[in-house]
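> With the hints as your guide, set chain F onto chain U.
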Amino acid sequence: MDTTETGKTLIHLERDFPCPVEPLFESFLSAEEFRNWFSPPGFEAGSFMLDPVVGGKYRCDFLKQGKHVLTIKGIYKEIERYKKLVFTLEYDPDVSEIGECKVTISFSSKGNTASIVLNQEIFKSIEAEGRTKGWNYMFSRLEDNLIKKLK
Amino acid sequence: MKTKEEISSAELDRLFSSLGDSTRRQILTKVRSNPCNVLRLAAEFNMSLPAVSKHIKILSEAGLITKKKEGRFIYCSYNHNTMKPAMDWISQLHNLWNKSFDRLANYMKDKSKKK
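Sequences listed follow chains U and F, in order.
Residue 192, in the working numbering, is where the first sequence stops; the numbers in between run on with no holes.
Residue 296, in the working numbering, is where the second sequence stops; the numbers in between run on with no holes.
If we strip away everything but chain U, and leave its shape as in the complex, we get (with noise of 0.2 angstroms):
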């Protein structure tokens, strides 16, 4: 499937950083930086390997009480320096998994202040066995739902 097509949009996020766009932009793409902020709540950084070129992979392993119990893994998409980042993720190997999803994010900057809007959503797999209308009605609810819940 075309990475290009959009599917319904999973999370949508937007944050400002008090700090300039280039160094939050690099920080997503080096595995030193990367692993010292990205993590699911609850789960140590174990080791990450990034390939920050257009299809080039990456992998994160992270840990439970020094045990590695996660993989998040992806490929890279787009990369237009600190403008727009967009690259596939799926967790591996015992997670729930209901579909690959492509993140992207856009980078703004606005005086010192940096800016992300992040947008996830599912691509892969689903579309293909020809469920998206559930999906994706299902997605729009439960995005609205949190919405709500998460406010």
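These are calculated hints, taken from the structure and not from any lab test.
Be aware that a few hints might be false.
As the list claims (entries may be wrong) - Just a few of them, taken from the derived set where beta-carbon distance is under 10 angstroms, the chain U residues facing chain F:
1. Leu54
2. Trp78
3. Gly96
4. Leu130
5. Leu159
Think of the CB as a built atom: it goes at the ideal place given N, C-alpha and C, for glycine as much as any other residue.
Just chain F, lined up with the frame of chain U:
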């Protein structure tokens, strides 16, 4: 983060694909507020009994409704618990980024202090 045992991919597939039909969504909306018997649902949606029963079977297999026989009638009610795994899954994805961005903000602060 939940494991496959706690949040079954097949269950989620069944749940979401059962909701890919507008009639089934309307049936769910109807039974969400009050349990409703199958005959009444057929009349309300202007459908034959076999047709509405087929939709109810799909919703029931997905765990979205529960059927209960009372006298001569079968009543359908909405099962709120079924939505929870799907909500949990979305929450996990949301938390991954939200909490990571909290840490990123602190990381960027520390980084700029060191310079």
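> Each hint: holds or not?
Hint-by-hint comparison with the structure:
no., hint, in the structure
1, Leu54, "6 angstroms, holds"
2, Trp78, "4 angstroms, holds"
3, Gly96, "24 angstroms, violated"
4, Leu130, "9 angstroms, holds"
5, Leu159, "6 angstroms, holds"
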